[in-house]
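Chemist: Sequence:
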Amino acid sequence: MKFLLPLLLIASLSAFSQRQFPEIDSYGGVFPIPEAEQLVDPNKKYKAVFDITAAAKNQTTEMNPGFESVARFINLHGLAGVKKENLDIVVVIHFQATPTILSDESFMTEYKEKNPNTEVINKLGENGVKFYVCGQSLRMRKLVDYKKNSNIRVAHGALLALSHFQSLGYSLITLH
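127 is the number that the numbering used here gives to position 127 of the sequence shown; each next residue is one higher, with no gaps.
Hints listed in this document are in silico derivations from the structure and should not be mistaken for laboratory results. Glycine included, each C-beta is placed from N, C-alpha and C at the ideal position. One should not assume that every hint holds.
As the list claims (entries may be wrong) - Pairs of lysine-lysine residues, derived as BS3-like cross-links and limited to a Cα-Cα distance of at most 27 angstroms, are as follows: (1) K84 to K112; (2) K112 to K148; (3) K130 to K45; (4) K84 to K57; (5) K83 to K142; (6) K142 to K130; (7) K57 to K45; (8) K47 to K148; (9) K142 to K44; (10) K148 to K44; (11) K114 to K148; (12) K130 to K83; (13) K45 to K123; (14) K44 to K83; (15) K112 to K147; (16) K44 to K130; (17) K112 to K123; (18) K123 to K47; (19) K47 to K112; (20) K45 to K147; (21) K114 to K83; (22) K114 to K130; (23) K112 to K83; (24) K123 to K83; (25) K123 to K57; (26) K45 to K83; (27) K83 to K57; (28) K57 to K112.
Claimed, not checked - Here are the computed distance ranges between Cβ atoms for each label pair: (29) S167 to P32: 34 to 42 angstroms; (30) L159 to V40: 24 to 32 angstroms; (31) E35 to M108: 12 to 20 angstroms; (32) N127 to S17: 22 to 30 angstroms.
Can you make the complete structure from the sequences, with help from the hints?
Modeler: Next up, the structure:
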């Protein structure tokens with residue numbers, strides 16, 4: 001019995017050191033922070049538009065870290081008690097991040113690898129995240145004729161999409 005209490009204490013402490021995935025499995029793991037001040041209202045609606053411009057260090061084999069951040073945003077809100085229905089998230093992809101939107105088939109044609117972003121984009125899309133790629137970037141990078149992931153919509157331009165969603169009250173989160 002005298003060993004049970006320390007064992008329970010160790011078990012509960014180790015639970016706080018493990019990343020959790022309350023909403024998006026496998027991506028955007030978050031740590032519970034019991035001492036953190038509650039900053040969000042679980043009943044409020046939150047709108048965010050993510051601006052993803054940078055590529056992964058090796059974009060042919062590594063997932064774009066911007067998508068991990070989007071998943072983390074959702075998981076952080078879930079950990080704070082915000083339901084997914086109260087999150088409205090848009091991702092705008094452009095500049096060096098543009099190739100992330102290609103279908104596996106198109107990515108294979110262009111880079112001889114399966115797109116390392118497909119799974120996370122699909123998982124985020126299944127959880128209500130909307131994706132837009134910059135039409136200007138598609139043309140600048142000569143990717144306009146390639147098949148895109150089915151979750152991706154095309155905007156006239158990233159600048160237009162970002163200003164549009166900000167005018168609708170979305171908070172801008174810039175990821176470089």
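Chemist: With reference to the structure, classify each hint as holding or not holding.
Modeler: These are the hints, each one checked on the structure:
1. K84 to K112: The hint is violated at about 36 angstroms.
2. K112 to K148: Answer holds: K112 to K148 is near 16 angstroms, not above 27 angstroms.
3. K130 to K45: holds (16 angstroms)
4. K84 to K57: violated (30 angstroms)
5. K83 to K142: Roughly 39 angstroms between the alpha carbons, so the hint for K83 and K142 is violated.
6. K142 to K130: holds (23 angstroms)
7. K57 to K45: Answer violated: K57 to K45 is near 34 angstroms, above 27 angstroms.
8. K47 to K148: holds (25 angstroms)
9. K142 to K44: Measuring from Cα to Cα gives roughly 41 angstroms; hence the hint is violated.
10. K148 to K44: violated (33 angstroms)
11. K114 to K148: holds (13 angstroms)
12. K130 to K83: Status holds; Cα separation ~17 angstroms.
13. K45 to K123: holds (21 angstroms)
14. K44 to K83: holds (9 angstroms)
15. K112 to K147: Answer holds: K112 to K147 is near 15 angstroms, not above 27 angstroms.
16. K44 to K130: Judged against 27 angstroms, a Cα distance of about 20 angstroms means the pair holds.
17. K112 to K123: holds (23 angstroms)
18. K123 to K47: At roughly 19 angstroms apart (the allowed maximum being 27 angstroms), K47 and K123 satisfy the hint.
19. K47 to K112: violated (37 angstroms)
20. K45 to K147: violated (34 angstroms)
21. K114 to K83: Violated, because 33 angstroms separates the two Cα atoms, which is more than 27 angstroms.
22. K114 to K130: holds (22 angstroms)
23. K112 to K83: violated (39 angstroms)
24. K123 to K83: Holds. K123 to K83 sits at ~17 angstroms (cutoff 27 angstroms).
25. K123 to K57: Status holds; Cα separation ~22 angstroms.
26. K45 to K83: This hinted pair holds, its Cα atoms lying about 9 angstroms apart.
27. K83 to K57: With a Cα-Cα distance of about 33 angstroms, the restraint between K83 and K57 is violated, given a limit of 27 angstroms.
28. K57 to K112: holds (17 angstroms)
29. S167 to P32: 34 to 42 angstroms: With a Cβ separation near 36 angstroms, S167 and P32 satisfy 34 to 42 angstroms, so the hint holds.
30. L159 to V40: 24 to 32 angstroms: holds (29 angstroms)
31. E35 to M108: 12 to 20 angstroms: violated (47 angstroms)
32. N127 to S17: 22 to 30 angstroms: Given range 22 to 30 angstroms: holds, Cβ gap about 26 angstroms.
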